[in-house]
Amino acid sequence: MEETKIIDLFFARDEQAIKETQAQYGKKMYATAFHVLNNHEDSEECVNDAYVGLWNAIPPTRPGSLLAFACKITRNLSLKRFQYLTRKKRLAAVTTSFDELEAVLPDERFAPGATDEDVGKLISQFLRNQKAEVRYIFIRKYFFFDPIKEIAENCSITESKVKNLLFHARKELKEYLRKEGVAI
Amino acid sequence: MRMVGAIGNIEEDLILEAMVPPKAMVPPNAMVLPNAMVSPKGEKHGAGPSSALSKNTVPCAPWLKWGGAAACLIMLVIGGLVLLQPSFGKNKQGMGDGRYRSFTLQGQESTAIIWPWEYRTVGEKYRTMIVNGMEYVNTDHKVSEAMLRSALGTFDVTGYDEIKEESHVISGEAYELNDVVANKICAVKLEDGYYVFRNFEYLPAGTLGELLDQANLPKLINLNWFEERGKDSKDKRFVLNDASCLWNALTTECREAKFIEDQNWMAQKREYLGFSISSEALGIDNVALYVTKDGYLWTNAFGWQSLYDIGEEAAGEIIQNCREHCTEIEAQPFSNAVIGTVTEITEEYFLVDDAVLCKDPKDGITYKVLLNDLRISRYVQMNLIKAGDTVEVLYRGQMDEENDHTIREATYASKVTIIDGEALIFE
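As you go down the protein sequences, you meet chains D and S in turn.
Under the numbering used here, the final residue of the first sequence carries the number 184; numbering is consecutive throughout.
Under the numbering used here, the final residue of the second sequence carries the number 611; numbering is consecutive throughout.
Mixed in with the good hints, there may be bad ones.
[What the hints assert, rightly or not] In silico DSS-like links for lysine-lysine, alpha-carbon gap of 27 Å or less: (1) D:179 / D:149; (2) D:5 / S:453; (3) S:326 / D:5; (4) D:5 / S:368; (5) S:403 / S:348; (6) D:80 / D:131; (7) S:348 / S:368; (8) S:477 / S:543; (9) S:442 / S:326; (10) S:403 / S:373; (11) D:149 / D:171; (12) D:131 / D:121; (13) S:373 / S:415; (14) D:5 / S:373; (15) D:161 / D:80; (16) D:80 / S:442; (17) S:442 / D:5; (18) D:149 / D:131; (19) S:453 / S:403; (20) D:174 / D:161; (21) D:80 / D:5; (22) S:477 / S:415; (23) D:5 / S:477; (24) D:131 / S:570.
No lab work stands behind these hints, which were simulated from the structure alone.
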């Protein structure tokens with residue numbers, strides 16, 4: 001089913017919308033959650049919560065891309081769950097990505113008044129000025145939390161090259177955010 | 185952790201772009217779908233290349249562009265038992281006759297297809313029209329000439345070809361429709377008939393009376409069936425013996441019912457009668473109208489949520505009346521489907537054999553899917569379906585079991601993979 005028609009089903013409050021979303025994007029949503037949580041049951045729960053989130057958000061929201069919107073919701077829910085789980089000492093490999101991002105701009109270095117949305121926009125601008133492969137690797141690593149090995153395989157490059165590209169991207173991003181005034 | 189949250193706010197086109205590796209990184213022996221991801225709204229995503237690598241799909245012709253999800257690297261797993269059971273209910277192909285083994289259905293690729301202009305139906309081509317500064321959107325539903333009232337004038341109707349990035353504009357004569365005001369709904373004459381266009385501007389009527397003045401719902405709406413839902417729901421369907429059981433109270437004592445602006449309102453937590461409704465003039469088919477025990481009327485007949493506080497007393501009266509004047513019917517599937525292997529393709533039809541689903545392949549049935557409609561013939565013409573493929577075909581209307589199991593109103597097809605195993609069940 002075409003994406004616009006699935007969105008129409010959401011607007012029609014037709015529960016088939018959830019089934020179609022599951023059919024089209026369920027696996028991607030699951031992968032997004034699993035890369036954060038590294039646990040089948042938790043990921044399944046997050047994806048199910050994400051369907052509810054979509055149901056509640058559409059309408060009134062009419063997303064430009066249902067897939068991206070669904071992945072965003074899944075990611076946010078997965079991170080929340082991750083925070084809850086880590087409080088219970090259930091750590092996942094994703095903390096490496098967190099640490100790397102923390103090093104780019106630690107919480108205490110956010111400029112007063114700079115919101116996550118502001119920084120998100122700046123990161124988008126930064127990424128648009130990067131080469132396509134850097135953009136891809138950065139988003140796969142820090143939005144979807146894909147393992148380095150998986151990214152390397154998908155791109156047909158070595159893991160060390162992925163790490164190297166990420167290292168330079170983080171370095172450039174850090175400088176970019178400082179210049180844009182959101183890092184103090 | 186704030187940076188982690190901030191990255192969650194990156195723009196959606198970048199997320200979509202990252203669904204597939206950029207072209208430069210795809211190994212030379214990989215099969216590549218064309219680039220240029222196009223959103224359903226026709227917005228191009230990202231400045232960089234966004235070609236689609238597919239490990240599971242065959243190469244497609246360069247004129248075919250796919251939506252954001254086109255490059256599924258991972259097959260999608262659908263609970264066949266769950267999704268197909270309702271689909272199989274009508275064509276008797278399904279679970280009831282015991283021919284099928286347990287299986288799981290996998291979609292081989294996303295089907296968010298952006299069709300080339302020449303392969304779109306008229307309703308898919310021409311989508312919007314501006315009248316008095318208000319944008320009307322094509323519902324892609326036709327309306328008969330008998331429903332037309334006076335002419336509103338001739339207006340530009342616009343379509344957009346996302347592949348060639350061209351706008352197409354034609355003139356369309358717009359008409360008022362009987363029993364509905366033109367600032368809500370009108371009809372537009374296009375190449376092959378009159379299409380219902382709906383004003384998508386958010387203009388809710390303040391009271392139910394105002395809504396009924398704008399659209400004579402008892403006359404316009406066909407009540408298909410209803411179910412009782414809530415804690416005592418019995419999973420049974422009924423038809424009303426007399427539609428006045430619903431409309432009488434709504435059109436008299438509920439006229440002053442106020443519109444409620446609450447986008448978080450959900451019927452699912454309530455006890456209610458859920459009606460399936462259709463209307464030729466409103467350009468809707470099988471959408472919802474609810475009457476809840478706690479006193480609300482809800483419908484999406486106008487695209488947006490219309491929610492009115494009719495009060496518990498009136499709602500209770502309606503529910504009671506409907507319960508007393510109804511007849512139970514057999515549940516109908518949301519959509520009909522056949523699944524199987526394409527065994528032959530001709531210019532007029534293709535054959536689908538469902539032996540692959542059967543415990544005993546000898547029990548397989550071959551279905552003849554007529555290519556009499558662009559919505560299905562384009563899959564064959566564009567080589568998206570070939571002999572040997574396993575496909576799912578959705579169709580409307582009845583299958584002609586007496587005549588080679590012929591399907592005359594197929595509207596959609598996609599390639600799937602069937603595997604044994606436990607079905608994923610969505611709660």
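Hints, one by one, checked against the model:
1. D:179 / D:149: Roughly 32 Å separates the two Cα atoms, so the pair is violated.
2. D:5 / S:453: Holds: residue 5 (chain D) and residue 453 (chain S) sit about 25 Å apart, inside 27 Å.
3. S:326 / D:5: holds, 17 Å
4. D:5 / S:368: holds, 21 Å
5. S:403 / S:348: Violated: residue 403 (chain S) and residue 348 (chain S) sit about 43 Å apart, past 27 Å.
6. D:80 / D:131: With a Cα-Cα distance of about 31 Å, the restraint between residue 80 (chain D) and residue 131 (chain D) is violated, given a limit of 27 Å.
7. S:348 / S:368: Judged against 27 Å, a Cα distance of about 32 Å means the pair is violated.
8. S:477 / S:543: violated, 46 Å
9. S:442 / S:326: violated, 32 Å
10. S:403 / S:373: holds, 23 Å
11. D:149 / D:171: This hinted pair holds, its Cα atoms lying about 21 Å apart.
12. D:131 / D:121: holds, 18 Å
13. S:373 / S:415: violated, 47 Å
14. D:5 / S:373: holds, 23 Å
15. D:161 / D:80: Distance ~31 Å between residue 161 (chain D) and residue 80 (chain D) Cα, so the pair is violated.
16. D:80 / S:442: Given pair residue 80 (chain D), residue 442 (chain S) is violated - Cα atoms ~38 Å apart, limit 27 Å.
17. S:442 / D:5: The hint is violated at about 31 Å.
18. D:149 / D:131: At roughly 20 Å apart (the allowed maximum being 27 Å), residue 131 (chain D) and residue 149 (chain D) satisfy the hint.
19. S:453 / S:403: violated, 30 Å
20. D:174 / D:161: Holds, because 20 Å separates the two Cα atoms, which is no more than 27 Å.
21. D:80 / D:5: Roughly 30 Å separates the two Cα atoms, so the pair is violated.
22. S:477 / S:415: Cα-Cα ~12 Å, so holds.
23. D:5 / S:477: violated, 31 Å
24. D:131 / S:570: violated, 38 Å
Checked against the numbered hints given earlier, the structure breaks hints 1, 5, 6, 7, 8, 9, 13, 15, 16, 17, 19, 21, 23 and 24 and satisfies all the rest.
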